[in-house]
Each structure stands twice: as structure tokens, then as C-alpha cells.
Amino acid sequence: MHRNLLLKTLSGILSALFLLGGCTSAVFNTNPALNNNINPPSGIRTLSDVNTIAFEWKLVQDPSVMGYHIYRKEANEQDFKRIATLDSRFNTHYADNNLKANTQYIYHFTTFDKDYNISSYSPPVSATTLSIAAVTYVEAISNYPRKVKVIWSPHQDPRVIGYVIQRKDKNDQWKEIGNVKSRLLVEFLDTNLEDETTYTYQVLAYNAKNSLSIPSPIVSATTKPKPTPITNFHATLDQPKQITLRWDLHPNQEVTSYKILRSGFISSVFSTIATLPSNTNVYQDSIKKDGKHYQYKIIATDKNGIDSLESGPIAGTTLPIPSTPNITYARIENGSVIIRWTPTDNRTKEYIVYKKDSLIFGETLRYNKVLTPEFIDREIKAGEKYYYRVSAIDENGLESKPSEEVALSLPK
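Quick note: the sequence shown uses the numbering used here, first residue 5, plus one each step.
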């Protein structure tokens, strides 16, 4: 047969899946004998497609031949299996369907007589199914927030029904991450990714038999980076009842807010205490306790919700109370109590003197605005015992702890 006619005939077989059900329903000899008087078919030719191999051979003229057996194995397999029986010697074509793409198969043919005794095997016939061509154009788009967009050109083969998207994992292995079930839908969004991280992709087309194409060109993209950390972040150590934080405004115009985090001075657990707009670079943390220590961190957040790396921790402290005065002199002279003390804190602006008598229900008197480190009390009675303590006051009104108590009495 002329080659053009052969190709035309075999192409028609592939398109129409001619002789798909070519097996006979007869009961065969399960232990066929070899009949050396009949011969296998000759002149066997093949034509391959992605999932089909079609065959054509010369008509066997011997009238004692009743039909043909066809055997197949993959190239890496050991044993052949019978895949078809054609029950007429006038059959000269067969299409082997539902095969794997891009796979080598080996075939043998035999003929059989009316008693299903078989001829010798034909010489092995090797044929390889085709591959689906690769997607020719693929692009991965960078700088998306925690995602990568992969786009590609539509596959030209109308038998393609979809695409598998693969991404390399941390072990440099390809893993399927998406399946697009339309030949004409040519994009995939890979989400929930890490910031400022490069990912690598390839796309494979597939047909209705789930045969995959040759992989596309490999492409890579990098997710949007984090904002740079905040700079010049510092906290006050000397303000009463508050700690003031300051920092440089972020230069990135996409930054929309700042998060302030705080922990105890010993604890390592930070929690958010404030979220501030991006045009703010100061925060006052109001605190009721004096001399209270905290640690702080700050994070910049952009319009996509991407956080910068933390700046900090830095330490901040509220202003502690002044140091306690130290009473160095306590006497009764000329009927008056004289108390003197040593200043212990240069923040001190004035003192308070506390006086209590010995009565069980006696009241404590408070003498404010003592401006010098000396106190003279002339309002004492003979035979009474009095108790004195001194504290210091700074310009913010913070009061020290009172001094050690001293006791004095005027004899009767």
C-alpha cells in the first residue's frame, strides 16, 4: 500500500477509534498448540498519537487463518499480555487506545486457525506514544502581597482540557499546587506565601486521558517585600506617670500604620497596646506606677497588611520617686524639737514633715512646703512623746518614702 494511503487510513482510525471493540466473544483454546503451517502477519506498520497506537499489516492470504491475536507490554516490563483478538483474517487494522503518553510499547502478533492453534510470534514491533507539546509561554509575576500570579498562553491542541501548575518545594521537588480545568483559562493565583520569598513554577497541559504534556519553561517570581524596620526608636526614662516613645516616620508611602507592643521588663511576651496612623511618630504610654519598667517594640504595616520586622525591644521607665531623706539630728532644745536631715536627691524641691503624738487615737499632722533640711517644732507639751518622719517632694509632686521614724519627748 502506498505510504500516503497508509497514513490517511491510520489517521482515520485514530480519529474514529476504528475497531475499538475488535475482540471476539468466542470461547478460545486456553492451551493453544503451535501450528507451524500458518504464519503471523507481515509488513506491520504503526502510527502513534498521544494515547493511541494504530497498526496496519498485509492481508494474510492463507484461508486456514481465522484471525489474529495481539500482545503488548511496556518496554520496561517482562511479560506480554494479550490485548486483542480479531476474529477475521480480513481485518488488517487495529487501534490500541487508552495508552500512556510518551511511553514505549512492544507488540507481537500471531494468527490462529479454526481450532485456535496459533502461529509463531511476529518479530517484535516497537512504537512510542507521543507527548503533548509544552505550553510555550509562561510568566510568573512578582511583587504581589503574599501571592504570585502565574499566566501562560492557551495550548494550541484542542484536545487539551486543562493545566496542572507545579511549584518547587524546599527540597527542590515539584509539587502540584493547582489545577485549571479549562484550556482557555490561563492564569493561576498562588496564595498564602511568605513575604519577600522567591518561588519557582512550571505548567503542564493535560487531555481527557489525564496525560500530561512536556513541562513548560520554568519561571520564578518573588513576593512583595516587608517594609523596612522603623529607625531611631527610643523611649523616655524620666517622665512622671508615663513613658513617651518616639521614632522616625517611615519613608515608604505604602505604610499605613504602626503597631506598638509592650511587655513587662522581665517577661518576654509582647502584646499590642496601640495602633497608630502612619503620620504619627510619638506615643505616650500612661502608667500609674512610679519607677515602672517596660520593654517596647514597634512594627510598620503597609496597605496590604504586610508587617515590617520588629524594631526593638527598647527599655522605658517612668520617673521613680525621690530618694528618702536621712535624719541626722533630732533633739529637744529650749523647749522645742529640732530635726535636721541630709538631702539625698538633687530632684528634691521641698520636704514634708509628719508628726504624731503618743495617743492611741491621736492624729498625724503634716507640715508641707518645708524648704530647708531643718524643722523646728515649738508646739510640744511637757510629758508627751512625739514621733517624726520626713519625706522629699520633687517638682512633679512625686513624694519619696518617709524616713525612719524618730521619737522625742519633753520631760515634765
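Be careful, since some hints might not be right.
[Stated by the list, open to error] Between beta-carbon pairs, the in silico distance windows are: (1) P158 / P36: 15 to 21 Å; (2) W178 / I145: 18 to 24 Å; (3) T235 / E191: 21 to 27 Å; (4) T235 / P149: 19 to 25 Å; (5) S130 / L63: 20 to 26 Å; (6) W178 / I277: 42 to 48 Å.
[As the list claims (entries may be wrong)] Simulated pairs of lysine to aspartate or glutamate, DMTMM-like, Cα-Cα distance not exceeding 25 Å: (7) K153 / E198; (8) K353 / E408; (9) K405 / D242; (10) K359 / E314; (11) K62 / E81; (12) K77 / D53; (13) K153 / D91; (14) K292 / D361; (15) K179 / E198; (16) K353 / E388; (17) K385 / E409; (18) K301 / D311; (19) K172 / E143; (20) K307 / E198; (21) K360 / E388; (22) K373 / E314; (23) K245 / E399; (24) K245 / E388; (25) K405 / E354; (26) K151 / E180; (27) K385 / E399; (28) K416 / D361; (29) K104 / D53; (30) K385 / E403; (31) K307 / D242.
No lab work stands behind these hints: they were computed from the structure.
Ideal placement from N, C-alpha and C gives every residue a C-beta, glycine not left out.
Quiz item: Against the structure shown, which of the earlier numbered hints fail to hold, in ascending order?
Solution: 1, 3, 10, 11, 13, 14, 16, 22, 24, 27, 30, 31
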